[in-house]
Amino acid sequence: MSEPLTAGDTAEHAEFRAEARSWLGPAVARVCGDPSDPEHDERCEDYDVRRRWQTELAAAGWAGIAWPARFGGRGLDMGRQAIFHEEAARARAPKPINSIGLYMAGPTIIAHGSDQQCAEYLPGILSGDQIWCQGFSEPEAGSDLGGIKTSARPAQDGYVINGRKVWTSYGEIASHCILLARTPDANGRPGRPAMTMFAVPMSSPGMHVSPIRQATGQSGFNEVVFDDVAVPAAAVVGQPGSGWTVAMTTLAHERATMGFALQAGCAVLLDQLCELVLRLGLAGTTVTEQVGVFAARTRAMRALGQLGLAAYEESGSPGPEGSMMKLMWEDLQQGMTTLATGLLASAPAGPTPASAALPGPQRDFWRYAYLRSRANSIEAGTTQMHLNAIAHRILLLPRPGSEA
Amino acid sequence: MLTITRRRPAELADLADAVTRACAEAGRCELDGGTATAQLTDRTRALRAIGLEDVDDLGAQVTVAFELGRQLICRAVTLRLQALWRLADLGLPAELVSSDGSQWRPVVLGGTGQGVVAVGTLAGQVLVIGDAYADHALLDDDGGQALLARLSGASFDKPAGLDACAGPRRVTIPAAAIVASGQRSAHDQARLGLRAGFEALGAAAGALDAAVDYARVRRQFGQPIGSYQGISHALARLHLELEVAAASGHHALSVVARAGEPGAEALAATDDFCVLVRRSAPVIAEQALHAHGAIGFCWEHPAHLWLRRVWDCIALLSWAGFGDATKAGERHIAAVATRRDLLSNREEH
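Sequence lines, in order, name chains A and B. Heads up: the first sequence begins at 1 in my numbering, then just goes up one per residue. Heads up: the second sequence begins at 405 in my numbering, then just goes up one per residue.
Treat the hints as calculated values from the structure; they're not laboratory data. Where a beta carbon is used, it is the ideal one built from N, C-alpha and C, also for glycine. Any given hint could be a false lead.
[To be verified] Beta-carbon label-pair distances, calculated as ranges: (1) A:R393 / B:S658: 54 to 60 angstroms; (2) B:A698 / A:E15: 55 to 61 angstroms; (3) A:S402 / B:S559: 58 to 64 angstroms; (4) A:A215 / B:A698: 51 to 57 angstroms; (5) A:S143 / B:H694: 45 to 51 angstroms; (6) B:S658 / A:D77: 32 to 38 angstroms; (7) B:L746 / A:R30: 22 to 28 angstroms; (8) A:A18 / B:G667: 42 to 48 angstroms; (9) A:A215 / B:H705: 54 to 60 angstroms; (10) A:A18 / B:P497: 54 to 60 angstroms.
[To be verified] Covered stretches of chain B, as calculated for chain A (at least 3 residues, CB under 8 angstroms): (11) 466-474; (12) 547-556; (13) 627-633; (14) 677-687; (15) 718-731; (16) 739-746.
[What the hints assert, rightly or not] Straight line, CA to CA, 20 angstroms or less: simulated EDC-like cross-link-like pairs of lysine to aspartate or glutamate: (17) B:K731 / A:D185; (18) A:K149 / A:E138; (19) A:K149 / A:D115; (20) B:K731 / A:E172; (21) A:K149 / A:D271; (22) B:K731 / A:E289; (23) A:K95 / A:D185; (24) A:K149 / A:D37.
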């Protein structure tokens, strides 16, 4: 990068960044070795490595940066959480094993959970002793979250849950699930669009988890089946029927700060692309122009994230920048990995000695990154849903079927 | 709309409103370019009345430039303003080209990218933006000097055009016509690039606003066309591109405005912004024209004026040396190579 990563930091934020940076370098090396190894990224996917990483984070006080101090966090602002995400991605740190707990389920429980839930779950979420998964998407309710069919039927002392959740990351190792289910409305009538959020132990009788193999060949997602799973009334997060509001908190926390990690990930990928261009002897060709555009867009994405965070801290809710960050991220990831894949596809037959010398793991890295980036259009809200958000919430265009 | 391009501190929001009102009073640019000098003088007065010529803060200048692009005020008027700000950056007296209020004396911004100083003459590719009205030109020579030249006595290789779509033309200016010169710094270039980039972005925003307004009311197949995803997603993408470029511009603005920042940082940040403007602004204005359907292709509709204005401004930022994605890519690849070499040297030792 031709500009310092501290651009735009206040003096306090710059100090925090320096502290984070000096801790991250040695910690990453300790847990997962040299980040310049071609195998580094694959190593960082390993669950044992990610467990060790979360243990390190928790021990050093980096796990709950924006969590209130009374729940074991540092009680700092979202800006510092964003800075830590950015520095961690830049240091090529693994993701903590309980990412969903730390950044989604935990903040949701802090905002809406009972005292008992806070006491029971938050320490384990921070330490990584508990691993959480998220039960939102279903086979027939992907983008249309309001269309979920998994039901929680009131029963004596609680609820009985039936249904199927899919694309559940960490389902195979999770100890708990933050689950959105359909419940009867306040008048007890079933079938009305009322939802409730639950905290459900994965060890509950009647829960079945099976892996879903992805286009990359790996199995990072799962199907989770709920077959007459009984939970107590105390498992409700927030109020019965308030599930939609609670779910929005969960998603808002994800979108408020994760954009910085995504941006820093793009900056790392851009440098890896430049390395590839240099190794293949393609600097100075037409590829350079594309690199120039990727570089400008990557830095613009960071500026966009800063503006979005400032707006979030002012208003308390994430603005439409979240959708823009998501769309930028998928464009950049897919654009850069597609370019690299194209370069490698033509490299073996080329006369450039450097292409023949390219290590196998580097080729594997780009093949995996290219295939994995296909999911970017689907995960964390599909491209079309984010375009809808911009069209309807910002441009105020009429919705389909509108008489306006 | 809650967007980056519209979210401003209160004082800049007031300034933007004042520009909008002054533009409404002054009227849009002409379709056929036959504006009388008296009208141009009136328009200049309308902008001068709200103090735009004296705006010296860069953040305020780019706000004004953005709004002028969006409002499509006559090109000769915005060029004059851009030229006056440029003169102030260079420390050259504005009186050299300033109007006395009764006479229209605009200035053209031009460049000599590959300029050659011949004996007695200065020749090179000069942009033909607004020079039909101009009596002065601002030029750059190869030695880091900015020159102000009288256009009387200059010879052009083809007739004047009103917009950059006509392409550059070669002008030969007698050396005696150069009335002032000043050393230009990296920050001077960055300020020029930022103002031109924001004016281009303003023109793109004007075109997009019009397309969004139209998509809300134009009905086909019984529905507003903006309710069809073929239209709404396309407009949302354009909005994304506009906001991304604006975010990059605000970042560059903060780098350029920071005292003591090295010139290279200011140039790199401005260049990133201009790379995005150069790629996105024309696409936004083009697609906004298309979204209007056949009416957008009519001479009387302003869609083509925003499109022309975008290219005018791109010509200006290119003249200032910004927006070439290949150069930006070379810069980034070189930085990665340098860092890698540094690392491997460190390991060897």
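Results of checking the hints against the structure:
no.: 1; hint: A:R393 / B:S658: 54 to 60 angstroms; verdict: violated, 27 angstroms
no.: 2; hint: B:A698 / A:E15: 55 to 61 angstroms; verdict: holds, 59 angstroms
no.: 3; hint: A:S402 / B:S559: 58 to 64 angstroms; verdict: holds, 60 angstroms
no.: 4; hint: A:A215 / B:A698: 51 to 57 angstroms; verdict: violated, 43 angstroms
no.: 5; hint: A:S143 / B:H694: 45 to 51 angstroms; verdict: violated, 27 angstroms
no.: 6; hint: B:S658 / A:D77: 32 to 38 angstroms; verdict: violated, 20 angstroms
no.: 7; hint: B:L746 / A:R30: 22 to 28 angstroms; verdict: holds, 24 angstroms
no.: 8; hint: A:A18 / B:G667: 42 to 48 angstroms; verdict: violated, 26 angstroms
no.: 9; hint: A:A215 / B:H705: 54 to 60 angstroms; verdict: violated, 46 angstroms
no.: 10; hint: A:A18 / B:P497: 54 to 60 angstroms; verdict: violated, 46 angstroms
no.: 11; hint: 466-474; verdict: violated (count 0)
no.: 12; hint: 547-556; verdict: violated (count 0)
no.: 13; hint: 627-633; verdict: holds (count 6)
no.: 14; hint: 677-687; verdict: holds (count 4)
no.: 15; hint: 718-731; verdict: holds (count 4)
no.: 16; hint: 739-746; verdict: holds (count 4)
no.: 17; hint: B:K731 / A:D185; verdict: violated, 61 angstroms
no.: 18; hint: A:K149 / A:E138; verdict: holds, 8 angstroms
no.: 19; hint: A:K149 / A:D115; verdict: violated, 29 angstroms
no.: 20; hint: B:K731 / A:E172; verdict: violated, 48 angstroms
no.: 21; hint: A:K149 / A:D271; verdict: violated, 44 angstroms
no.: 22; hint: B:K731 / A:E289; verdict: holds, 7 angstroms
no.: 23; hint: A:K95 / A:D185; verdict: violated, 38 angstroms
no.: 24; hint: A:K149 / A:D37; verdict: violated, 45 angstroms
Violated hints, listed in ascending order, are 1, 4, 5, 6, 8, 9, 10, 11, 12, 17, 19, 20, 21, 23, 24; each of the other numbered hints is respected by the structure.
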